[in-house]
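Numbering follows the numbering used here, with no gaps: position 493 of the sequence shown is 493.
Check each hint, because a few of them may be wrong.
Said to hold, decoys possible - Cβ pair distances, simulated, as ranges: (1) Leu15 to Ala150: 27 to 35 Å; (2) Val161 to Ala329: 30 to 38 Å; (3) Val161 to Ile240: 16 to 24 Å; (4) Asp470 to Trp203: 31 to 39 Å; (5) Val161 to Gly206: 15 to 23 Å; (6) Ser327 to Val463: 32 to 40 Å; (7) Asp236 to Pro391: 51 to 59 Å; (8) Ala221 to Leu497: 47 to 55 Å; (9) Arg267 to Val463: 42 to 50 Å; (10) Phe86 to Arg376: 18 to 26 Å; (11) Ser225 to Gly110: 44 to 52 Å.
Source of the hints: derived by calculation from the structure; they are not laboratory data.
Note that the Cβ used here is the ideal one computed from N, Cα and C, for glycine as well.
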Amino acid sequence: MSLVGFTAVATVTLLLCVMTGPDRDDLDEFYTGYGSLSPMRNGLAIAGDYISAASVLGTGGVIALFGHDGVVLALSTALSLTLLMFLLAEPLRNAGRFTMGDALARRMPGRAARITACAVTIAALLPLMLVQLAGTGQLLAFVLGFSGAALQTGCIIGLGVLMIGYAAIGGMKGTALIQILKIVMLLGSGLVVAALILHRFDWNPGALSDAAADRSGAGPAFLNSGLQFAGGPHPDADMISSQLTVVLGGACLPHVTMRMYTASSARQVRRSMSWAVSGVALFVLVVTVIGFGAAALVGRSVIAGIDPQGNTAYLLGSQAAFGARVSTAETFLFTTVTTAVFLTLLASVGGMILACANSLAHDVFATRVQEMSPRREMTLARVSALAVGVPAIVLATLVQHRSLQPLVTLSFCLGASAIAPALVYGLFWRRYTRAGLLCTLIGGSLAVLLLMPGTNLVSGSPVSAFPEADFNWFPFTTTGLVSIPLGFACGWLGTMLSGRRKAQEQRRHYEAVEGWILAGAVRRGD
Numbered sequence: 001m002s003l004v005g006f007t008a009v010a011t012v013t014l015l016l017c018v019m020t021g022p023d024r025d026d027l028d029e030f031y032t033g034y035g036s037l038s039p040m041r042n043g044l045a046i047a048g049d050y051i052s053a054a055s056v057l058g059t060g061g062v063i064a065l066f067g068h069d070g071v072v073l074a075l076s077t078a079l080s081l082t083l084l085m086f087l088l089a090e091p092l093r094n095a096g097r098f099t100m101g102d103a104l105a106r107r108m109p110g111r112a113a114r115i116t117a118c119a120v121t122i123a124a125l126l127p128l129m130l131v132q133l134a135g136t137g138q139l140l141a142f143v144l145g146f147s148g149a150a151l152q153t154g155c156i157i158g159l160g161v162l163m164i165g166y167a168a169i170g171g172m173k174g175t176a177l178i179q180i181l182k183i184v185m186l187l188g189s190g191l192v193v194a195a196l197i198l199h200r201f202d203w204n205p206g207a208l209s210d211a212a213a214d215r216s217g218a219g220p221a222f223l224n225s226g227l228q229f230a231g232g233p234h235p236d237a238d239m240i241s242s243q244l245t246v247v248l249g250g251a252c253l254p255h256v257t258m259r260m261y262t263a264s265s266a267r268q269v270r271r272s273m274s275w276a277v278s279g280v281a282l283f284v285l286v287v288t289v290i291g292f293g294a295a296a297l298v299g300r301s302v303i304a305g306i307d308p309q310g311n312t313a314y315l316l317g318s319q320a321a322f323g324a325r326v327s328t329a330e331t332f333l334f335t336t337v338t339t340a341v342f343l344t345l346l347a348s349v350g351g352m353i354l355a356c357a358n359s360l361a362h363d364v365f366a367t368r369v370q371e372m373s374p375r376r377e378m379t380l381a382r383v384s385a386l387a388v389g390v391p392a393i394v395l396a397t398l399v400q401h402r403s404l405q406p407l408v409t410l411s412f413c414l415g416a417s418a419i420a421p422a423l424v425y426g427l428f429w430r431r432y433t434r435a436g437l438l439c440t441l442i443g444g445s446l447a448v449l450l451l452m453p454g455t456n457l458v459s460g461s462p463v464s465a466f467p468e469a470d471f472n473w474f475p476f477t478t479t480g481l482v483s484i485p486l487g488f489a490c491g492w493l494g495t496m497l498s499g500r501r502k503a504q505e506q507r508r509h510y511e512a513v514e515g516w517i518l519a520g521a522v523r524r525g526d
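With the hints as constraints, model all of the structure from the sequences given.
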């Protein structure tokens with residue numbers, strides 16, 4: 001039934017892309033869908049882009065293995081989107097048109113800013129794409145019961161090609177409809193499973209958490225802070241670093257921020273974000289119950305034995321909710337759960353490929369020509385989807401048998417250390433200069449790329465990407481506690497070194513566009 005469900009979802013979503021994709025050479029239709037989505041549908045699409053397969057499987061696993069620390073991580077993801085809603089959503093929509101490069105170039109025109117923004121976009125999203133693609137092979141192997149490496153590799157290649165098609169054919173509107181379908185299926189099936197788990201414990205959350213603590217092998221520590229980072233030299237600082245990275249990095253990733261440009265007005269972006277935050281908050285509730293249910297019904301040792309990262313906990317918890325005897329209706333429900341996770345993998349990568357392709361075509365190639373025709377730019381965007389997707393597929397087949405947690409962390413660290421400081425400075429700091437922007441993006445990215453190989457996610461641990469090696473020298477699991485301040489400091493230093501004259505020029509230029517950015521008085525291209 002799962003195989004039938006997967007095939008049906010792949011067929012229906014591809015047809016949706018073909019039917020809703022742009023039918024003429026119109027850039028606004030391809031990049032933003034004309035802003036034609038209602039606030040509710042746009043909000044669901046934002047939530048769909050934000051809740052990736054790494055969020056579903058990874059967060060569920062952390063909750064099942066580490067209890068309280070996993071719940072804090074889940075709450076941090078909701079807080080991140082709330083922060084985007086109140087601080088950046090409206091200015092981003094007002095300043096940008098199609099890509100993050102547009103938003104940054106509003107104040108600092110020039111190819112250097114756009115090309116650097118494109119490079120950071122690809123660097124931040126490529127690791128997440130690899131995680132989703134490699135996770136597709138693992139999911140199919142787990143659900144369908146095969147273990148052959150060749151079959152897993154074949155699944156990655158086939159589904160990678162399908163995801164490139166989503167981005168190239170459907171454009172923004174097509175991928176938005178897939179995200180809406182995904183979030184409805186994911187939340188709907190998750191709510192039913194969560195209700196079944198609570199029913200098993202007489203609708204008593206306290207009894208559920210106590211049972212999870214008993215089966216965890218950690219006792220009361222499962223319900224207290226610090227279990228996840230207990231083996232590190234500085235567990236409290238490590239946890240702060242991890243939460244800071246998620247809160248600042250999650251919602252600033254380019255495939256999420258690009259959805260701000262699909263709102264037709266500032267009022268619509270506020271209403272869209274309200275729906276998105278509500279959807280993510282509901283997801284946090286669902287994944288918490290299912291994660292605790294997996295720990296209580298399956299046991300922490302069994303979950304860790306199947307996958308040390310706990311990525312199968314969401315599915316194991318859903319399976320265990322039905323009990324020993326499984327009816328036809330329950331089999332159908334579990335198929336719906338697995339199909340929703342499968343669709344999450346498809347939709348997430350499709351959205352990320354679209355964000356990278358849009359940036360590559362619009363920020364790098366289109367700016368080289370004074371007046372590029374819409375037909376040519378759309379062709380470039382579709383070719384760019386292929387240029388981004390094919391290397392992602394190849395790399396995913398190479399990393400599929402290693403721990404993928406470092407790649408997830410790398411993306412969030414780049415979002416928090418390079419993209420978040422650039423957006424905050426670019427949208428709100430009057431003196432911010434082009435040199436400051438380049439220093440922020442390049443300095444924050446280099447800090448993450450230099451520190452990340454030294455974490456225990458890469459080596460020095462049995463569950464690291466290279467368990468046979470040990471070049472672990474950095475004391476924290478994530479780089480955020482060091483790289484985030486460095487990203488902001490690089491932007492400040494680059495601006496200060498630009499000189500007083502450059503700073504005054506930027507101040508005057510910002511004052512000229514301040515009404516556009518903060519109040520939405522005028523939007524470029526309207």
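Hint check:
1. Against the hinted window of 27 to 35 Å, the Cβ-Cβ separation of Leu15 and Ala150 comes to about 29 Å, which satisfies the hint.
2. The hinted range of 30 to 38 Å is satisfied by Val161 and Ala329, whose Cβ atoms lie roughly 34 Å apart.
3. Distance hint check: the CB atoms of Val161 and Ile240 are about 41 Å apart, inconsistent with the given range 16 to 24 Å.
4. Distance hint for Asp470 and Trp203: a CB-CB separation of about 48 Å, inconsistent with the stated range 31 to 39 Å.
5. For Val161 paired with Gly206, a C-beta distance near 48 Å fails the hint of 15 to 23 Å.
6. For Ser327 paired with Val463, a C-beta distance near 37 Å keeps the hint of 32 to 40 Å intact.
7. Distance hint for Asp236 and Pro391: a CB-CB separation of about 39 Å, inconsistent with the stated range 51 to 59 Å.
8. Roughly 49 Å separates the CB atoms of Ala221 and Leu497, a value that falls within the hinted 47 to 55 Å.
9. Distance hint for Arg267 and Val463: a CB-CB separation of about 47 Å, consistent with the stated range 42 to 50 Å.
10. Hint check: Phe86 to Arg376, Cβ distance near 39 Å, so the stated range 18 to 26 Å is violated.
11. Ser225 and Gly110 have their C-beta atoms about 46 Å apart, which keeps the hinted 44 to 52 Å range intact.
This entry does not satisfy hints 3, 4, 5, 7, 10, going by the numbered hints stated previously.
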